[in-house]
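Undergrad: Residue numbers (the working numbering), protein chains in the order written: chain A, 1 to 240; chain B, 1001 to 1235.
Since the hints were derived computationally from the structure, they do not count as laboratory data. Do not rely on the hints blindly, as some may be mistaken.
Said to hold, decoys possible - Estimated spans, in silico, between C-beta atoms of each pair: (1) A/LYS134 to B/HIS1183: 52 to 62 Å; (2) A/LYS15 to B/ILE1146: 47 to 57 Å; (3) A/LEU61 to B/PHE1056: 44 to 54 Å; (4) B/LEU1050 to A/ALA126: 33 to 43 Å.
Claimed, not checked - Partial list, derived from the structure: chain A residues whose beta carbon lies under 7 Å from chain B: (5) LEU59; (6) ILE60; (7) LEU61; (8) THR63; (9) LYS88; (10) ARG93; (11) LEU106.
C-beta: ideal position from N, C-alpha, C; glycine also.
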Amino acid sequence: MANLPPKIISVEKLKLLGSKNIGSILEIDKLTLEASTLTVVLGPNGAGKSLFLHLLQGLILPTEGRITFNNEIPIKPTYSMISIVTQKPRFLRKSVENNIKFVLKLNNTYSHKNLLDVIERFELSAQRELLANKLSGGEKQRLALALAICKDPSILLLDEPTASADPQTTLMIEKILSEESSLGKKLILVTHDIAQAKRLGQDIIFIYKGRIIEQKTVTSFFEKPEKKESIQFLSGEITL
Amino acid sequence: MSVFLEAFSTAFNLIVSLDTSLLEIVWLSIKISISSLIIASLFGFPIGALLAMKSFGGRALIITIFNSMMGMPPVVVGLVVYLMVSRSGPLGWLEILYTPYAMIIAQVILIFPIIVALSTQILEELHKEYEDIFKIFSVPPRTAVITYIFDSKDALLTIFLAGFGRAISEVGAVIIVGGNIDHATRVMTTTIALETSKGDLPLALALGIILLGLSLIVNLIATKIKSGTTGGING
């Protein structure tokens, strides 16, 4: 049973300074995200999309400002309702099966049946005995998503979860993301795949040089992008 | 070649006849080495873990010092311990010079930096891999510690063996602080040194063979342990 989803994710006056006085590498004055929608984060390489997800998960802490979930500043128990699939997922030095077992046990949802269900759902039967760190890129992303979902989070952060996946795996991952979204979970997806953003997203955040330039619904963003940078990005003219 | 054959023959005879003097020497060697290893590990592994996982001022310097101490000459350690526990030394009141206790202290000083330095390296690498995973999955500290130990058990066991190897094969320090006294502080390495100086090469070689055999047995046990540990949340 998932934790109750937060009504809102709110970011206020958030600033993350880079090292060696290079100034702020991410700065968000105000951002509000509705719960239970799939938000896609777009932007060129190095814009700060991954940093944004890492800040939400609490993997890095902001220099200034605050992030709240349901108007509460996250503390350790709050982070337990968020999960992230990072761009380069890391695993315990264990087999695929034991990595899944580890997270299920942490979440007090381990049973042999649950373990088999997860393995089957993410099509990892052939890899279950293999060491997780020895998997191929696409397999790693499947396992990372499986582990993130095993945590049964209310908010699922996804940093290019199909970047190394073949079309079949991409389809499988997208299907799972749609299923999780339909369960009322908040999904925040970073992707460079415009078609995927259109297929899955409900609203879009466009980040450029560490700033949120535009926040709109998917239809509105792709049909009528307002900002010069968004238009250039969509036409493939922009790089950081 | 005949010396080697004689050595093997002597070693075989000593072992099968369960020579009491030999057993006494072997048993004392094992007792001193294991005691040193346990004491050094009890302090060494937690300090290694602390250095691997916590950031604080002077950390790099401490690690460098422990790394350098791995190559400490045993005779120097023996000499320092001798000066400390000799009658006029600051620990002279303990009256442990030429006892197994002094030998244990010397060996602990030799093994401790090895355990700290190597466990720091191993756990630092693992910590880099696991830090974010543990944050993402809100892993409780107790489970995190168990997972660190479990997932680095092979490497930690290897460190343990390196420490044992250093202890059991050490001669310079224990001969200075132990004095190589028969039936009191005579261990395998000091006996080998003594018998060689006396010209009794077959006995010295025989003891060398037993020492090698002992190391082999310890390694075989370790390999067995490595291949057969499962269970718990770390399944």
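Undergrad: Now tell me, hint by hint, if it's right for this structure.
TA: Okay, the hints, checked on the actual structure:
About 55 Å separates the C-beta atoms of A/LYS134 and B/HIS1183, a value consistent with the hinted range of 52 to 62 Å. In this structure the supplied range 47 to 57 Å is violated for A/LYS15 paired with B/ILE1146, their Cβ-Cβ distance being about 38 Å. Distance hint check: the CB atoms of A/LEU61 and B/PHE1056 are about 19 Å apart, inconsistent with the given range 44 to 54 Å. Range check, B/LEU1050 to A/ALA126: Cβ separation about 41 Å, and the 33 to 43 Å hint holds.
A hinted interface residue such as A/LEU59 counts as satisfied when its beta carbon comes closer than 7 Å to some beta carbon of chain B; here the least separation is about 6 Å, so the hint holds. At its closest, the beta carbon of A/ILE60 sits 10 Å from a beta carbon of chain B; the interface hint therefore is violated under the 7 Å criterion. For A/LEU61, the shortest C-beta to C-beta distance to chain B is roughly 11 Å, which exceeds 7 Å, and the interface hint is violated. The restraint placing A/THR63 at the interface with chain B is violated, with a minimum CB-CB distance near 18 Å, outside the 7 Å limit.
Because the beta carbon of A/LYS88 sits about 10 Å from the nearest beta carbon in chain B, more than 7 Å, this interface hint is broken. Interface hint status for A/ARG93: upheld, as the beta-carbon distance to the closest one in chain B is roughly 5 Å, under 7 Å. At a threshold of 7 Å, the smallest CB-CB gap from A/LEU106 to chain B is about 6 Å, leaving the interface hint in force.
The structure shown violates the earlier hints numbered 2, 3, 6, 7, 8, 9.
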